[in-house]
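First to last, the sequence lines map onto chains V and Z. Here numbering that gives the first Met the number 0 is used: position 309 in the first sequence is 308, and no number is missing along the way. Here numbering that gives the first Met the number 0 is used: position 198 in the second sequence is 197, and no number is missing along the way.
Hints should not be assumed to be uniformly reliable.
Unchecked claim - In silico negatives: residues of chain V with every beta carbon more than 10 Å from chain Z: (1) Ser18; (2) Ser34; (3) Leu115; (4) Ile117; (5) Pro206; (6) Asn210; (7) Tyr258; (8) Ile274; (9) Val335; (10) Lys342; (11) Ala348; (12) Arg389.
Said to hold, decoys possible - Derived, one-sided and incomplete: chain V residues facing chain Z with beta-carbon distance under 10 Å: (13) Ser309; (14) Leu312; (15) Lys314; (16) Val317; (17) Pro328; (18) Glu332; (19) Leu339; (20) Gln340; (21) Thr344; (22) Ser346; (23) Tyr347; (24) Lys349; (25) Asp351; (26) Arg365; (27) Ala372; (28) Ile378.
Keep in mind the hints are simulated off the structure, nothing from the lab. Since this is a predicted model, take the numbers as computed values, not measurements. Note that beta-carbon positions come from the ideal geometry of N, C-alpha and C, so glycine has one too.
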Amino acid sequence: MQNTSPFPENSVGLVKSQSLRVDTAIKLQCGQNLSHYDLAYETYGTLNDSKSNAVLICHALSGNQHAAGYHHVDDKRPGWWDLCIGPGKAIDTNHLFVVCPNNIGGCHGSVGPTTLNIETSHPYGPDFPIVTVKDWVHSQAQLADHFDILQWAAVVGGSLGGMQALQWAIDLPHRIRHALVIASAPKLSAQNIAFNEIARQAIMSDPDFHNGHYYGERSYPKRGLILARMLGHVTYLSDHAMRLKFGRELKKGHLSFDYDAEFQVESYLRYQGEIFSENFDANTYLLMTKALDYFDPAAEYNGNLVGAVSQALCKFMVISFTTDWRFAPNRSEEIVNALLQAKKTVSYAKIDAPQGHDSFLLDIPRYKNLFSAYMANIILEANKLNQEKRNAS
Amino acid sequence: MRPELEVIEGWVNSKAHVLDLGCGDGSLLQHLRSAKQTTGYGLESDENNILECVRANVNVLEQDLNKGLGNFKEQSFDVVIMTQALQEIRHPHEILRDMLRIGKEGIVTFPNFGFWRNRSYLALKGRMPMSKSLPHHWYDTPNIHLCTFKDFEALCYRQGLRIVDRTVVDANYRDSLAMRIMPNLFGSTALYRITKEGNS
Numbered sequence: 000m001q002n003t004s005p006f007p008e009n010s011v012g013l014v015k016s017q018s019l020r021v022d023t024a025i026k027l028q029c030g031q032n033l034s035h036y037d038l039a040y041e042t043y044g045t046l047n048d049s050k051s052n053a054v055l056i057c058h059a060l061s062g063n064q065h066a067a068g069y070h071h072v073d074d075k076r077p078g079w080w081d082l083c084i085g086p087g088k089a090i091d092t093n094h095l096f097v098v099c100p101n102n103i104g105g106c107h108g109s110v111g112p113t114t115l116n117i118e119t120s121h122p123y124g125p126d127f128p129i130v131t132v133k134d135w136v137h138s139q140a141q142l143a144d145h146f147d148i149l150q151w152a153a154v155v156g157g158s159l160g161g162m163q164a165l166q167w168a169i170d171l172p173h174r175i176r177h178a179l180v181i182a183s184a185p186k187l188s189a190q191n192i193a194f195n196e197i198a199r200q201a202i203m204s205d206p207d208f209h210n211g212h213y214y215g216e217r218s219y220p221k222r223g224l225i226l227a228r229m230l231g232h233v234t235y236l237s238d239h240a241m242r243l244k245f246g247r248e249l250k251k252g253h254l255s256f257d258y259d260a261e262f263q264v265e266s267y268l269r270y271q272g273e274i275f276s277e278n279f280d281a282n283t284y285l286l287m288t289k290a291l292d293y294f295d296p297a298a299e300y301n302g303n304l305v306g307a308v309s310q311a312l313c314k315f316m317v318i319s320f321t322t323d324w325r326f327a328p329n330r331s332e333e334i335v336n337a338l339l340q341a342k343k344t345v346s347y348a349k350i351d352a353p354q355g356h357d358s359f360l361l362d363i364p365r366y367k368n369l370f371s372a373y374m375a376n377i378i379l380e381a382n383k384l385n386q387e388k389r390n391a392s
Numbered sequence: 000m001r002p003e004l005e006v007i008e009g010w011v012n013s014k015a016h017v018l019d020l021g022c023g024d025g026s027l028l029q030h031l032r033s034a035k036q037t038t039g040y041g042l043e044s045d046e047n048n049i050l051e052c053v054r055a056n057v058n059v060l061e062q063d064l065n066k067g068l069g070n071f072k073e074q075s076f077d078v079v080i081m082t083q084a085l086q087e088i089r090h091p092h093e094i095l096r097d098m099l100r101i102g103k104e105g106i107v108t109f110p111n112f113g114f115w116r117n118r119s120y121l122a123l124k125g126r127m128p129m130s131k132s133l134p135h136h137w138y139d140t141p142n143i144h145l146c147t148f149k150d151f152e153a154l155c156y157r158q159g160l161r162i163v164d165r166t167v168v169d170a171n172y173r174d175s176l177a178m179r180i181m182p183n184l185f186g187s188t189a190l191y192r193i194t195k196e197g198n199s
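Construct all of the structure, not just a fragment, from the sequences and the given hints.
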């Protein structure tokens, strides 16, 4: 039979974003309640009878529920982690049921600043409560309940997504068998927070920000968002990667002695910022950076990370990348060392890759092989559990 | 099974928490896990070995032994094992001290440079010995700190380490009478079980 699908064979193909209305109120860490809320999500693969093969994917700062596949036949690019999710890929949808939500506070369908606040009949805007990684974990648990998934085979994430995986392991230890924490950190450094603050200031000082109430206005803080994204982008790449990609290459081949985007790197950053500013909400960007700044699971355990991870019952795989300076290998090693002291089951790899923080999204052979090898054992375990359940009934 | 594994297995208590320095593809840890229900980790810096460990469900941590073991706490392991790596370490005396800082016991194996074949190779040919257990040339060898059993024991003495047990085998991991009488001359590989002076 001829392959008539317009998508690559190892793609999950055409996918649709779905939405779950949660009617159980969530008490957020900030003290406020959300009495009910919508969670947007996508799923790939099939949930098995015993529901032992479910994997939760947690997205990072600017991610969303569209992790793999295509929304339209003519989409140029697939979901953000398509490289690792699909038939035969590291997170193999031939064997695993993958769930990826848009976190609350987001701007791709889950409740967030752009959602209409029924009490005021205006979008929440800046009044949307500040959400934390902990809040995300507890809202994601609603999604597990919806599918009757008692225990995720794995919770997987890179960067801010890895922080959610770690928080899952600590907060809901019985509901997760494996945590894959990639290019992440146990909390932000002063430098990390500084970059986030500059991004927030870029947005908030944009005259079009209107204190966050820009939805009814003719304009939105586009310039601020562009700047925030440009800054963020620099921290995702390594010096080496930027040298390789752009060097000092000039667009016109000669200096033009003006302030146009002359160097390739300038034009690249402007372009990335421009695209981003058209697809992302400024209030959500502020919220996401705050969630990053606040993340510190050790805080609840007197600042003791070992105490925090002692709660975990799952197994861990921690991966870092040598040229990642946003969350450098030593930040991952802080997590690993805490797990060691708590005598938890953990493996750790430091992947030599020139691409910086972005590496976790990229096609790096050693990373993919290791990721696939670890996930292959998770599949074996999930199948075994399914078989045991079948035999028991 | 490699006789080396057999000896080590006999020295490790069941359910021990084990750290294996330079764990290779994880076969020793795998063996101890199934034979002795041990827990613990292997340290490794070779990416292919790390992949094999992950495949085999062995806890492996990417860590360069030459950068020390400072990330491990005092007496956090029942036993710290280092097989055939001592001679490749930049500061063998420091890693030995560290092994017994973080572990209650240490197990170390290494090739004996005082083995008669090495001695006669050097004496007769006048060149750096090469053999089954020392297959490299002097210029491309990872073995930068070769020693004899006597050297090792002298170091243990200086560091205040006590030798609990010692076994000597030949290149095929066989034991013989000659080796028992004159180990430093007839044994090609040594296995030492050490602890800190004062530890029972």
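Next on the checklist: Please check whether alanine 372 of chain V passes as an interface residue: C-beta within 10 Å of a C-beta belonging to chain Z.
Outcome noted: holds (5 Å)
Next on the checklist: Beyond 10 Å on every Cβ pair: is that true for valine 335 of chain V relative to chain Z?
Outcome noted: violated (6 Å)
Item to check | proline 328 of chain V as an interface hint toward chain Z, with CB separation required under 10 Å | outcome: Holds. Min distance 9 Å.
Next on the checklist: Is the claim that lysine 342 of chain V lies outside the interface with chain Z correct, judged by CB distances over 10 Å?
Outcome noted: violated (7 Å)
Next on the checklist: Is the interface hint satisfied for valine 317 of chain V? The criterion is a beta-carbon contact with chain Z at less than 10 Å.
Outcome noted: holds (9 Å)
Item to check | Check on tyrosine 258 of chain V being off the interface with chain Z, judged by Cβ distance over 10 Å | outcome: holds (45 Å)
Next on the checklist: Take the shortest C-beta to C-beta distance between isoleucine 378 of chain V and chain Z; is it under 10 Å?
Outcome noted: violated (13 Å)
Item to check | isoleucine 117 of chain V non-interfacial with respect to chain Z [C-beta, more than 10 Å] | outcome: Given a closest Cβ separation of 50 Å, the condition holds.
Item to check | Non-interface claim for alanine 348 of chain V versus chain Z (Cβ beyond 10 Å) | outcome: violated (5 Å)
Next on the checklist: For the restraint on glutamine 340 of chain V, tell me whether the closest CB of chain Z is nearer than 10 Å.
Outcome noted: holds (6 Å)
Next on the checklist: So, as I understand it, the hint says lysine 314 of chain V touches chain Z; can you test that by seeing if any CB pair is closer than 10 Å?
Outcome noted: For lysine 314 of chain V, the interface hint holds, since the closest Cβ of chain Z sits about 9 Å away, which is under 10 Å.
Item to check | chain Z contact restraint on glutamate 332 of chain V - CB to CB distance below 10 Å | outcome: holds (7 Å)
Checked against the numbered hints above, the structure breaks hints 9, 10, 11, 13, 14, 28 and satisfies the rest.
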